[in-house]
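Asks: Letter by letter, the chains look like this.
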Amino acid sequence: MQRLLNTFLSLSLIVVAIPAVATPEQNKESFQKFYMDRFSHIEKDDFANGVYALDQDARDQWEAMSDFPPFEDDLDEGEALFNTPFANGKQYADCFENKGQGVRQNYPQFDSKSGQVITLELAINNCRTQHGEKALPYKKGDLAKVSAYMASTSKGERFDIKIPNDKRAQQAYEAGKKYYYSKRGQLNFSCANCHVQNVGRKARSETLSASLGHPTHFPVYRMKWESFGTLQRRFDSCNKQVRAQPLEGQAKDYRNLEYFLTYMSNGLPVNGPASRK
Amino acid sequence: MLLPLLSLSLLMCVFSTGVIASDKQSAQAAIKKATTLLQQSKNLGFEWNTVTPLILQAQDAIKANDFDNATQFAVKASQQAKLSIQQAENEEKNWHFNLPK
Chain A
1 MQRLLNTFLS
11 LSLIVVAIPA
21 VATPEQNKES
31 FQKFYMDRFS
41 HIEKDDFANG
51 VYALDQDARD
61 QWEAMSDFPP
71 FEDDLDEGEA
81 LFNTPFANGK
91 QYADCFENKG
101 QGVRQNYPQF
111 DSKSGQVITL
121 ELAINNCRTQ
131 HGEKALPYKK
141 GDLAKVSAYM
151 ASTSKGERFD
161 IKIPNDKRAQ
171 QAYEAGKKYY
181 YSKRGQLNFS
191 CANCHVQNVG
201 RKARSETLSA
211 SLGHPTHFPV
221 YRMKWESFGT
231 LQRRFDSCNK
241 QVRAQPLEGQ
251 AKDYRNLEYF
261 LTYMSNGLPV
271 NGPASRK
Chain B
1001 MLLPLLSLSL
1011 LMCVFSTGVI
1021 ASDKQSAQAA
1031 IKKATTLLQQ
1041 SKNLGFEWNT
1051 VTPLILQAQD
1061 AIKANDFDNA
1071 TQFAVKASQQ
1081 AKLSIQQAEN
1091 EEKNWHFNLP
1101 K
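Protein chains in written order, with this note's numbering: chain A, 1 to 277; chain B, 1001 to 1101.
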């Protein structure tokens, strides 16, 4: 009997010890499963439509507006900027694989040379500075327009964010995950408090969207902004809402958060740029 | 005649608030303390966006020679910065409890 008890206790310890550290892949599976179970009537790809996957009334209005998207002029400007040569004769296309066409689904990516997460917007500015141009201000303006144009060339491609077998990449991913689940600001809210635990519920008149699919449609044109904004501009809005101090554009914490959040949406199609309220 | 006066004095002592008027030096010290705490919460990555405006209000009050208000704003800023540091310490230990079950 004693022997049986000892065996049982040993096995229990092993079972408890195994799931202590989940891999990014396991995290992604449980993250996506959470939303698929919570909203079993919604197709996985439809989460790429953000809040409009959950709120039919809002979706009807959004679809009616989609016949004449409010961002068309800005998107054309983004294309023109993308194709305008720098002073040295080089172009954005020279800095990206496949001449910058259809690459959105691979960003953010981990750069093993610098040991940093590189978002698409950071890569765009790196391209500029490499060719002697000034970096553009982050989060909105011309940078967001170029990024939106590049996203438009990836429409339908599926997100395929990689976390290479590099300790620094794992650390960046874990730091992003920690940021996402940590409560912050005077209101003591984490990203997950709204977008996981209370997803689909109302905050005042707004439906809280699922984080699955959050990065797929950025940069977005928000009516509130009357312009394109990057995902990090949206992080700012969330931080302000919980009374936390927003970070600088491309701050390490924001890039890590974007890395984690986009990895969680791996497999979903790129459908940016899109419009939002 | 003496007794009512003594009683009144005693009552005034009992119910006095004990507030000491602030001078410029104490207000500046309070702002310095708040600024140090704010920097700590910034370093931890948990700065609240309510603290800097309070410090700015305190600085404006000093410029207007309103040292009582300056001290009050600075003390409030310190309290909030301390809470944000407490939040950072708490989340360091407990953030993973927010993971989906």
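Because the hints were derived from the structure by calculation, they are not lab data.
Careful: at least some of the hints might be erroneous.
PhoX-like mimics (lysine-lysine), calculated; alpha carbons at most 25 Å apart, straight line [unchecked claim]: (1) A:Lys178 <-> B:Lys1093; (2) B:Lys1082 <-> A:Lys178; (3) A:Lys162 <-> A:Lys28.
Asks: Next, verify each hint and record whether it holds.
Replies: Status of the hints after comparison with the structure:
{"no.": "1", "hint": "A:Lys178 <-> B:Lys1093", "verdict": "holds, 11 Å"}
{"no.": "2", "hint": "B:Lys1082 <-> A:Lys178", "verdict": "holds, 21 Å"}
{"no.": "3", "hint": "A:Lys162 <-> A:Lys28", "verdict": "holds, 12 Å"}
Checked against the numbered hints listed earlier, the structure breaks none of them; every hint is satisfied.
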